[in-house]
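Just so you know, the sequences run in chain order A and B. Just so you know, the first sequence maps onto residues 1 to 297 in the UniProt record's numbering. Just so you know, the second sequence maps onto residues 1 to 324 in the UniProt record's numbering.
Treat the hints as calculated values from the structure; they're not laboratory data. Any given hint could be a false lead.
[Claimed, not checked] In silico BS3-like cross-links for lysine-lysine, where the CA-CA straight-line distance does not exceed 30 Å:
no., chain 1, residue 1, chain 2, residue 2
1, A, Lys-68, B, Lys-83
2, A, Lys-68, B, Lys-55
3, A, Lys-22, B, Lys-56
4, B, Lys-229, A, Lys-68
5, A, Lys-112, A, Lys-134
6, A, Lys-289, A, Lys-134
7, B, Lys-83, A, Lys-57
8, B, Lys-229, A, Lys-22
9, A, Lys-22, B, Lys-269
10, A, Lys-57, B, Lys-55
11, A, Lys-57, B, Lys-269
12, A, Lys-68, B, Lys-59
13, A, Lys-44, A, Lys-112
14, A, Lys-57, B, Lys-56
15, B, Lys-59, A, Lys-28
16, A, Lys-68, B, Lys-56
17, B, Lys-59, A, Lys-22
18, B, Lys-269, A, Lys-68
19, B, Lys-83, B, Lys-229
20, A, Lys-28, B, Lys-55
21, A, Lys-28, B, Lys-269
[Unchecked claim] Heads up, incomplete: computed chain B residues facing chain A, CB under 7 Å, no partners named:
no., residue
22, His-314
23, Tyr-315
24, Ser-316
25, Gly-317
26, Tyr-320
All values derive from a computational prediction rather than experimental measurement. For glycine and all other residues, C-beta sits at the position ideal for the given N, C-alpha and C.
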Amino acid sequence: MSENRISLGKTETRIPVAKTYKLYIGGKFPRSESARSYPVTDSKGAFLANAAQGSRKDARDAVSAARKAFAGWSGATAYNRGQVLYRVAEVLEGRREQFAAEVSAAEGVGAKKAQALVDTAIDRWVWYAGWTDKIAAVLGSSNPVAGPYFSFSTPEPTGVVAVLAPQQSSLLGLISVVAPVIASGNTAVVVTSQDRPLPAITLSEVLATSDLPGGVVNLLTGRTAEIAPWLASHADVNALDLTGAPEAIRGDLERAAAGTVKRVLRVRGGEDFGREPDIGRLRAYLETKTVWHPMGV
Amino acid sequence: MAAAPSTSPLAPLPPALADAVRDDASLRRFLHGLPGVDQVGVEQRAAGLATRSIKKAAKMWAIDTAISMVDLTTLEGADTAGKVRSLAAKARRPDPDRPDVPRVAAVCVYPDMVATAKAGLEGTGVHVASVATAFPSGRSIMPVKLADTRHAVEQGADEIDMVIDRGAFLSGDYGAVFDEIKQVKEACGDAHLKVILETGELATYDNVRRASWLALLAGGDFIKTSTGKVSPAATLPVTHVMLQAVRDWRDLTGELRGVKPAGGIRSTKDAIKYLVAVHEVAGPEWLTADLFRFGASTLLNDLLMQRRTQLDGHYSGPDYVTVD
Numbered sequence: 001m002s003e004n005r006i007s008l009g010k011t012e013t014r015i016p017v018a019k020t021y022k023l024y025i026g027g028k029f030p031r032s033e034s035a036r037s038y039p040v041t042d043s044k045g046a047f048l049a050n051a052a053q054g055s056r057k058d059a060r061d062a063v064s065a066a067r068k069a070f071a072g073w074s075g076a077t078a079y080n081r082g083q084v085l086y087r088v089a090e091v092l093e094g095r096r097e098q099f100a101a102e103v104s105a106a107e108g109v110g111a112k113k114a115q116a117l118v119d120t121a122i123d124r125w126v127w128y129a130g131w132t133d134k135i136a137a138v139l140g141s142s143n144p145v146a147g148p149y150f151s152f153s154t155p156e157p158t159g160v161v162a163v164l165a166p167q168q169s170s171l172l173g174l175i176s177v178v179a180p181v182i183a184s185g186n187t188a189v190v191v192t193s194q195d196r197p198l199p200a201i202t203l204s205e206v207l208a209t210s211d212l213p214g215g216v217v218n219l220l221t222g223r224t225a226e227i228a229p230w231l232a233s234h235a236d237v238n239a240l241d242l243t244g245a246p247e248a249i250r251g252d253l254e255r256a257a258a259g260t261v262k263r264v265l266r267v268r269g270g271e272d273f274g275r276e277p278d279i280g281r282l283r284a285y286l287e288t289k290t291v292w293h294p295m296g297v
Numbered sequence: 001m002a003a004a005p006s007t008s009p010l011a012p013l014p015p016a017l018a019d020a021v022r023d024d025a026s027l028r029r030f031l032h033g034l035p036g037v038d039q040v041g042v043e044q045r046a047a048g049l050a051t052r053s054i055k056k057a058a059k060m061w062a063i064d065t066a067i068s069m070v071d072l073t074t075l076e077g078a079d080t081a082g083k084v085r086s087l088a089a090k091a092r093r094p095d096p097d098r099p100d101v102p103r104v105a106a107v108c109v110y111p112d113m114v115a116t117a118k119a120g121l122e123g124t125g126v127h128v129a130s131v132a133t134a135f136p137s138g139r140s141i142m143p144v145k146l147a148d149t150r151h152a153v154e155q156g157a158d159e160i161d162m163v164i165d166r167g168a169f170l171s172g173d174y175g176a177v178f179d180e181i182k183q184v185k186e187a188c189g190d191a192h193l194k195v196i197l198e199t200g201e202l203a204t205y206d207n208v209r210r211a212s213w214l215a216l217l218a219g220g221d222f223i224k225t226s227t228g229k230v231s232p233a234a235t236l237p238v239t240h241v242m243l244q245a246v247r248d249w250r251d252l253t254g255e256l257r258g259v260k261p262a263g264g265i266r267s268t269k270d271a272i273k274y275l276v277a278v279h280e281v282a283g284p285e286w287l288t289a290d291l292f293r294f295g296a297s298t299l300l301n302d303l304l305m306q307r308r309t310q311l312d313g314h315y316s317g318p319d320y321v322t323v324d
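Just chain A, with the same shape it has in the complex (with noise of 0.2 Å):
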């Protein structure tokens, strides 16, 4: 009994205090519906913490948490939604450090390195945080017409999007994926990296606790190939980008998406998420709605 003891100011003594983590749906942080968990190690395979593994359950749960956010979120106006991003970018700077620990346990960089890689995610929240009430300036326009009619184009958000996360980049990877999807007003539905999932774990708490409403961002951690063909078929997921799907299945989800006319973006992991971004990832989430509006009647 004694070794167990918490004996204070021998702090060699304390037994670390291990976590199981639990996943994050519709803004609350339930076990997997499974009852699954699978170990999480750091680059070297030393144990770090226990991830809830999620099932097809879990995914269902979280496509109907995030379409049951997507018409607040979608509703609020762009200012609001980029001062809600910016206040998650707030609260990211505050777990700095617990950031670059876990950056540095998952993709074995020096600490240093680490640092920069948060530093760099976090700036890239804020830049997509930026972009919400300027982006409908950018892709919009009001269209030269033959007619009496005043013709204009909006860039509306696509709806649910389910995220499949770069498996190498754990935490500007991610982010990198996951805030154009939401400064657009879309809700996502993101698996994460298998293998490195504590940085995500780390940003649903986050989200949690920042300004976010439930259900806009639902994170699973679990096995990518398990969850992602019940995403991609999923007939009430809007779109799907396929940027951590493993090699061998991203034919059989690029075919299940083709059959509810998912938009896919096809990017492959690989990209270098520290070159400075475009509104690409933005654009690939929103879709074009034009208005003839009869004028002079």
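Starting from the known structure of chain A, arrange chain B on it as the hints suggest.
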């Protein structure tokens, strides 16, 4: 009590029950003599049965059975003839892509919409149910309640959903409630009578049991949990108590009476929990639309989506079913 039991159009009651409805005092004695409900026990049993896992072929059967038990309901102040017609169309062919989906049991509307619903359901075998007797509060005078009922029956309603006077019941005036149900039953003629107990306002399981027996004694063909306008509406434990009542009624009289939970049942999962309860508490002979119904509007869409999920092998979405 105005109506003497001898004028009852029903089969004669067994002596014990005939004695119960002799006068107010014996009715009260009978209802208060019913065994009390073990609250913890019934809730535990309901929760225990709800954990049962129903999969694959059994689930498909349960979904189709549940669809055939749905009373597709619209009871809004904003109801229009167009909405009732579209509801009737949905009742006829719940999933237009799949003609093998069973029809629902009935369409449930306000009395003034009965004719519209009847026209939309001509020749389909889908019943028209109408709420009556100053639904949902039941606060009106008896002649108005009876006129309400007769109007619905004349318009062609096959089933009448009446509300009891909860005020009278809670103040212990069981005779008044008994007479009320009896008179409405007579006004119904051939139409089936469902008696809404509004369990959300009855406060205790003991009251639910008493109200159930009262409705059965007075001749209700169905006992129904709620109007859907009061929260809490149908719950599993309350439905358990009511299922026990119809089972005991069958044991005493040999007659089969029905139960209809209504309000708050929105998902296939919930519906299947109720079916399990029906099978375990009342018995398998109750697993038919003649003896068990779901009063619901959104439940049908979820049943259809789940049915598609089972058949297509992938999840469906609300974009693929009708809005109402």
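Does the alpha-carbon distance linking A:Lys-57 and B:Lys-55 stay inside the 30 Å limit? holds, 14 Å
Hint check: B:Lys-229 vs A:Lys-68, CA-CA at most 30 Å. Holds or violated? Holds, at roughly 23 Å.
Closer than 7 Å between Cβ atoms is the bar; does B:Ser-316 clear it against chain A? Give me holds or violated. Because about 5 Å separates B:Ser-316 from the closest Cβ in chain A, which is inside the 7 Å limit, the hint holds.
Taken at face value, is the distance from the CA of B:Lys-56 to the CA of A:Lys-57 at most 30 Å? holds, 15 Å
Has the given pair, A:Lys-112 with A:Lys-134, been kept, meaning a C-alpha gap of at most 30 Å? violated, 34 Å
Mind checking the alpha carbons of A:Lys-57 and B:Lys-269 for me, to see if they're no more than 30 Å apart? holds, 13 Å
Holds or violated: are the alpha carbons of A:Lys-68 and B:Lys-59 at most 30 Å from each other? holds, 26 Å
Given pair status - A:Lys-28, B:Lys-59, alpha carbons within 30 Å: Holds, at roughly 29 Å.
Please work out if A:Lys-28 and B:Lys-269 have their alpha carbons no farther apart than 30 Å. holds, 21 Å
Holds or violated: A:Lys-289 and A:Lys-134, Cα atoms, limit 30 Å. The given pair, whose Cα atoms are some 17 Å apart, holds under the 30 Å limit.
Regarding the hint that B:His-314 lies at the interface with chain A, is the smallest CB-CB distance below 7 Å? holds, 3 Å
Straight-line Cα separation of A:Lys-68 and B:Lys-83 no greater than 30 Å? holds, 25 Å
Checked against the numbered hints listed earlier, the structure breaks hints 5, 7 and 8; every other hint is satisfied.
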